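Student: Chain residues, written in single-letter form:
2 protein chains.
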Amino acid sequence: MQFFKVKTVEETFTLIDKHVKKIGVTEKRPLESALGCIIAEDITAREDVPGFDRSTVDGYAVRAEDTFGSSESMPGFLTVAGEVRMGEAASFPVGFGEAVYVPTGGMLPPGANSVIMIEHCEEIAGLLNTYKQVAPGENVIRAGEDIREGELLLSEGTRLRPQEIGALASLGITHVRVYRSLKAGYLSSGDEIVPFDTPELKIGQIRDINYLTIAGLAKDWGIDVIYGGIVPDDYEEFRLKAFELYNQVDCLILSGGSSVGAKDYTTEVIQSLGDPGVYVHGISVKPGKPTILAMAGEKPVIGLPGHPASAMIIFRLFGERILKNLQGENPEHRPDRIFARITKNIPSAPGRSDYIRVRLYEKDGEWWADPIIGKSGLITTLVKSGGIVEIISEKEGIAQGEYVPVIATR
Amino acid sequence: MQFFKVKTVEETFTLIDKHVKKIGVTEKRPLESALGCIIAEDITAREDVPGFDRSTVDGYAVRAEDTFGSSESMPGFLTVAGEVRMGEAASFPVGFGEAVYVPTGGMLPPGANSVIMIEHCEEIAGLLNTYKQVAPGENVIRAGEDIREGELLLSEGTRLRPQEIGALASLGITHVRVYRSLKAGYLSSGDEIVPFDTPELKIGQIRDINYLTIAGLAKDWGIDVIYGGIVPDDYEEFRLKAFELYNQVDCLILSGGSSVGAKDYTTEVIQSLGDPGVYVHGISVKPGKPTILAMAGEKPVIGLPGHPASAMIIFRLFGERILKNLQGENPEHRPDRIFARITKNIPSAPGRSDYIRVRLYEKDGEWWADPIIGKSGLITTLVKSGGIVEIISEKEGIAQGEYVPVIATR
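Listed in order, the protein sequences are those of chains A and B.
Following this note's numbering, the numbering of the first sequence begins with 2 at its first residue and continues without gaps.
Following this note's numbering, the numbering of the second sequence begins with 2 at its first residue and continues without gaps.
To be clear, the hints were calculated from the coordinates, so they are not data collected in a lab.
None of the values given here were measured: they were computed from a predicted structure.
Any given hint could turn out to be false.
Which copy? The list can't say, so a pair holds if one copy fits it or any two copies do.
[Unchecked claim] The calculated lysine-lysine pairs, modelled on BS3-like cross-linking and capped at a C-alpha distance of 27 Å, are: (1) K364 x K133; (2) K300 x K376; (3) K22 x K203; (4) K345 x K6; (5) K22 x K376; (6) K220 x K29; (7) K290 x K133; (8) K242 x K23; (9) K184 x K6; (10) K184 x K220; (11) K364 x K396; (12) K376 x K8; (13) K184 x K242; (14) K22 x K385.
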């Protein structure tokens, strides 16, 4: 058996970024089904949004100067020259000393530069009493103020949230080029592993629950996971099944069998799938040390530790990075960590990154993180947790009351 | 027209909780398709997890006492009495001075109380040299240590994250009773509103983009939204269409027409759907003041403001609370807010809650929130933002450097 030097978490991320590049195959999608997709092109606005000056309130379009000095005690007076209807062009201009009724969202007539809210004026027999002065531009959205024609609205690699979909729709864009969605494959190995729906366990047997947790996480990132089943500890059977699944997917996830045991075929199976092969074999992290990362051709392969909680934490850390690189998402600065204060001292070995499950609660406008006691294999430690505190490898622990980064596990 | 007193954000939440209760209709789902659902029953463990004492490492099962005093310079010696295979019961016990090989996840033989890692010992011709002492319980997960038979694992009202699905699977539970998923309906109104895929706008027209943003947010909470289309400013047509959609869904969302304008039929239409009718008409919030909340029979009705960004923020605040109450989710303390320091002074009217869109960035282990300048109607302010800072109604603004709660808009 080949041995590898254990990598730090930081080294592992660098190696992932070096090895895992976007697939880059694109497809055109209607906007309604592009939510969560990664956009594969820069989007430049081809028109102004809004296309015309709009009122943001119900009121009267005026020349702001005509209201200067108006107050409750000294109202101004303007002549009401007409009304703009919703969805119709404002045809007649607003002259000096004139006002034109305009509803919220209605078009500002030429000549007007602001709108006085109906709450601040009163129309009496064609005469408008103004009880407040307005500034030029007040209660108006100018043409192009939201999006200017020719402006770069979205750049390639952006994940489309509801607001990006909305912004695209406001430009009349109905279809968008995105990176095609990914398929991952999941295969369990181990003589002791039985299907999760096995009603009665024989002694020594373990239900295969990692597929459900891993597929659940991947679904959040927009990735479907194909279940490849369970293979026994037999090299040839494992290799054949892994190869079969590898051919159907963009990324292969293997669970179990990655510790340095006598029946560990995982590394050999992964190496058999193609070059360049394994680039990380063991990470200085707790939990999850026996993690394997590889590239077989252009496809990433992830060998997860078997313990359910370890598998989830490792997949949340490294699986997400791998799959998002593969999807083509631009690594933007998004708040995937929050900061909280830790309730207890926690020691940690320097050179190793520790991930501590915590309960989160708010007190006096701050988040506090209370460590959950329990071994790394226990799935209930994750059920009880709202987040995972990261102790980076340079640190020798954290002190009570210290601010720590927390990965929220909602 | 009937007028209502504007409510504060805090009053609005209290009224929502008073009016909107869970539907309470349940269905049995296979575990694979229960992710994100709300569980409708308490789950009590019917067996121990794990079902037997397991090793968490590759090593030798021993009586911890037999290793006491072992070190690199003064190794201990034990007799290797056999091997436990994965997935098989450990048949022979470990006696005094004995060790039995056990792989990661393998069953601990009777008599043993700990496992010494293979890295810390060496087997030579049936004799095990131990280079380290182990404590009782070290490298072992006890039967029932993860989940104890009879223990309450999950309580009714819990949203099923991947880890909850995993915990259920580890108990051999294949189906789970959840609250049925909800359907919402969305209807736009306004003479100026045209379908979002209208290629060329006539002057005064606005594309209907709110359906896409609102449906996108709802999807995140596991709720499908039916699109009811666009109705013109005609009371009878609006009422008929709203009633038709109301009959198909669990919650009706109306967009536009909720400001106090001449063509505002929204309130009348909502009142026509059934009692008790409108309970909030106007919220002291910026943006989004002209928001309407109602109950027509058992079904909530939400009248959103028309501006795209206002509609999204209002729906994120109040729509989420309404729909999660309706789904039956237990209002647990989840980190849906993070805390960040604000980069600028921001004034705010007391008595009004302000929601300021911000760019988020990390500096020195803290999040900073940098306000985005732009009027509330602008969808691009949300595209540029990573979060929304909340200034609660009691505050008269926030000072540069102050810690503020931020709703992340990922």
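Student: For this structure, which hints from the list above don't hold up?
Tutor: Structure breaks hints 1, 2, 3, 4, 5 and 9.
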